[in-house]
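Starting from the structure of chain X, add chain Y where the hints point.
Here the protein sequences line up with chains X and Y, keeping their order.
For the first sequence, numbering that gives the first Met the number 0 assigns the number 0 to the initial residue and increments by one for each residue that follows.
For the second sequence, numbering that gives the first Met the number 0 assigns the number 0 to the initial residue and increments by one for each residue that follows.
Accuracy of the hints is not assured; some may be wrong.
What the hints assert, rightly or not - What follows is a list of derived Cβ distance ranges for each label pair:
1. X:Phe33 x Y:Gly36: 52 to 60 Å
2. X:Phe33 x Y:Asp168: 36 to 44 Å
3. X:Gln86 x Y:Asp205: 46 to 54 Å
Unchecked claim - Derived, one-sided and incomplete: chain X residues facing chain Y with beta-carbon distance under 8 Å:
4. Glu75
5. Thr158
6. Gln159
7. Gln160
8. Met167
9. Ala168
To be verified - Here are the simulated SDA-like cross-link-like pairs (lysine to any residue), alpha carbons at most 25 Å apart as the crow flies:
10. Y:Lys34 x Y:Tyr7
11. Y:Lys9 x X:Gly74
12. Y:Lys62 x X:Gly74
13. Y:Lys66 x X:Phe58
14. Y:Lys107 x X:Gly74
Simulated from the structure, these hints should not be mistaken for laboratory data.
By construction, the Cβ of each residue, glycine as well, lies at the ideal position given by its N, Cα and C atoms.
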Amino acid sequence: MSQSWLRLRSQSAEVMTRWSSLSEESAPIRVLAFIGSLMFSLLRSGRDIFETVAQMLLFFAESVAWFFRPPVRFGEFSRQLDFVGAQSVMLIVLTGGFTGMVSALQGYIGMSKYGAQSMVGATVALALTRELGPVITALMVVGRVGSAMTAELGSMRNTQQIDALESMAVNSIQYLVVPRIFASTVVMPILALIFSLAGMIGAYVISTQYLGVDAGTFMSGVQYYLDPDDVSHGAVKAVVFGLITSLVACYKGYYATGGARGVGIATTRSVVLSSVLVLISDYVMTNLMFHRT
Amino acid sequence: MIRLDKVYKKYGDQNVLDGISLEINTGSVTTVIGKSGGGKSVLIRHMIGLEQPDSGEIYIEEKNIVKMKATELNTMRRRFGVLFQDAALFDSLSVEDNVAFPVREHLKLSEHEIADRVEAKLSEVGMNQHKHKFPGELSGGMKKRVGLARALALDPDIVFFDEPTSGLDPITKGLIYRLIADTHKQRLSTYVLVSHDIRGVLQISDEVMMLFNGKISAKGSPEEVLNTTDPAIKQFITGSADGPIPIE
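If we strip away everything but chain X, and leave its shape as in the complex, we get (with noise of 0.2 Å):
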């Protein structure tokens, strides 16, 4: 998107420099033609963003085609499983801890003032569960695992590796994508309930430890207000997430050319557009399994 941007930047500056080279008698006409001009950049971004958009869907449609063709990769799908998910859980339990923590602080300040200050473990577990879980869970996913995978395969594709695989009859989709994007589905939402239990322990912590609340209040408000639906919908919502980081990491690194420079240009690219995507996505989703008419 960004190069669209930098596009209708030098169009927009060549407009003004042709618009300035016309005479002041025609100013009725230059203004048209800036009007023109700016308009017709914009269709031409509007073109590439849906051009990539495009690409991105049928990249995804061949790793889906590939996902059912044999052979099976148990080797790798092992190993993404440990990189996404193993690797990712001390860091999952360490930022879960603290977010239901500072969750539950902030909830207790807030409640307080109408008394409602019983009411911060189920306020914390339904945010957990239904948001921050999926969301944030996600978001350190996409900083540590998608720019570890577009740094991965942009290198692979800059030193040949990814030729080589061609070359050696290994269809490098079916090899290198699929079993990066099936780890980052299965694992996202198993992530997202180890961030939830370690923010509603952290937050069970300071509550009944630091704020007074009491431990039996705490817990009756979590069984009376969490629904099963909650946890299973905040499952859903991360299983759409993982999907959405790894493949618009693989796409970044399969696609990367230009280099060093060009390898991080869409590692920072994969990051950016995974973390929008996901919060774009989540609003999409919570509007239809929350929001009640």
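Then chain Y, alone, in the frame of chain X:
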């Protein structure tokens, strides 16, 4: 036999391959020479099927790879070995796992048989003692030797070499050429090299072709090339700034 028939490829405004037609005989060592950036790597990528021409046909053993589906092309590629310019070894795999990779993918052998095969290929290139190392621990010449062992792992019918000696010192270059010549003698494979190292390739090639301005401008045996009156080849051999090949 490998045959290209009026192959065109354009990048932007540049005609990189401008109607190339050539034939490479089975079992020969054929080298395509040309200046840096002249399209040699693009040519070899087309022969491997990594790129599609804008128009034209490419035949490997009378089968047109341009019109092949992905599965057919992959079946054809099992008969290829490729040594890329920087060897393109897989960073996450050791030397022995790199060489074993195509064997594990395509041959139904036990791990013991795979290990024996890998040891044989690495011994051919003198890299057996480094089999547990990773590519990051190897020099450029060592990577090329491992890359050559991997390219030969399936005993391919056709081996492609993309600038096999680029970036190497003269002694290591000589070693690589010797390995190419020795391994070719033991096989009936067709070797296709692209290189700008004219002196080195003349020693091992059966036929040399000059890629100039997107076309094969001249071809012949090494002796014919050395004694040629073609101005582009003469300029290329002497390394002179004067001649039809522009300095960019």
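Outcome of the hint check:
1. For the pair phenylalanine 33 (chain X) and glycine 36 (chain Y), the beta carbons lie near 41 Å from each other, so the given range of 52 to 60 Å is not met.
2. Range check, phenylalanine 33 (chain X) to aspartate 168 (chain Y): about 60 Å between beta-carbon atoms, so the 36 to 44 Å window is missed.
3. About 53 Å separates the C-beta atoms of glutamine 86 (chain X) and aspartate 205 (chain Y), a value consistent with the hinted range of 46 to 54 Å.
4. The beta carbon of glutamate 75 (chain X) comes no nearer than 11 Å to any beta carbon in chain Y, farther than 8 Å, and the hint placing it at the interface is violated.
5. Residue-level restraint check for threonine 158 (chain X) holds (minimum Cβ-Cβ distance to chain Y is 6 Å; threshold 8 Å).
6. About 4 Å separates the beta-carbon of glutamine 159 (chain X) from the nearest beta-carbon of chain Y, less than 8 Å, and the hint is met.
7. Taking 8 Å as the C-beta cut-off, the interface hint given for glutamine 160 (chain X) holds, the closest approach to chain Y being about 5 Å.
8. The beta carbon of methionine 167 (chain X) comes within 5 Å of a beta carbon in chain Y, closer than 8 Å, and the hint placing it at the interface holds.
9. Taken as an interface hint, alanine 168 (chain X) checks out: its beta carbon lies about 4 Å from the nearest beta carbon of chain Y, inside 8 Å.
10. As the CA atoms of lysine 34 (chain Y) and tyrosine 7 (chain Y) are separated by approximately 19 Å, the hinted pair is consistent with the 25 Å bound.
11. Annotation: proposed proximity of lysine 9 (chain Y) to glycine 74 (chain X) is violated, straight-line Cα distance about 40 Å (limit 25 Å).
12. Of the pairs offered as hints, the one joining lysine 62 (chain Y) and glycine 74 (chain X) is violated, with about 35 Å between alpha carbons and a cut-off of 25 Å exceeded.
13. As the CA atoms of lysine 66 (chain Y) and phenylalanine 58 (chain X) are separated by approximately 22 Å, the hinted pair is consistent with the 25 Å bound.
14. Of the pairs offered as hints, the one joining lysine 107 (chain Y) and glycine 74 (chain X) holds, with about 17 Å between alpha carbons and a cut-off of 25 Å not exceeded.
Checked against the numbered hints listed earlier, the structure breaks hints 1, 2, 4, 11, 12; every other hint is satisfied.
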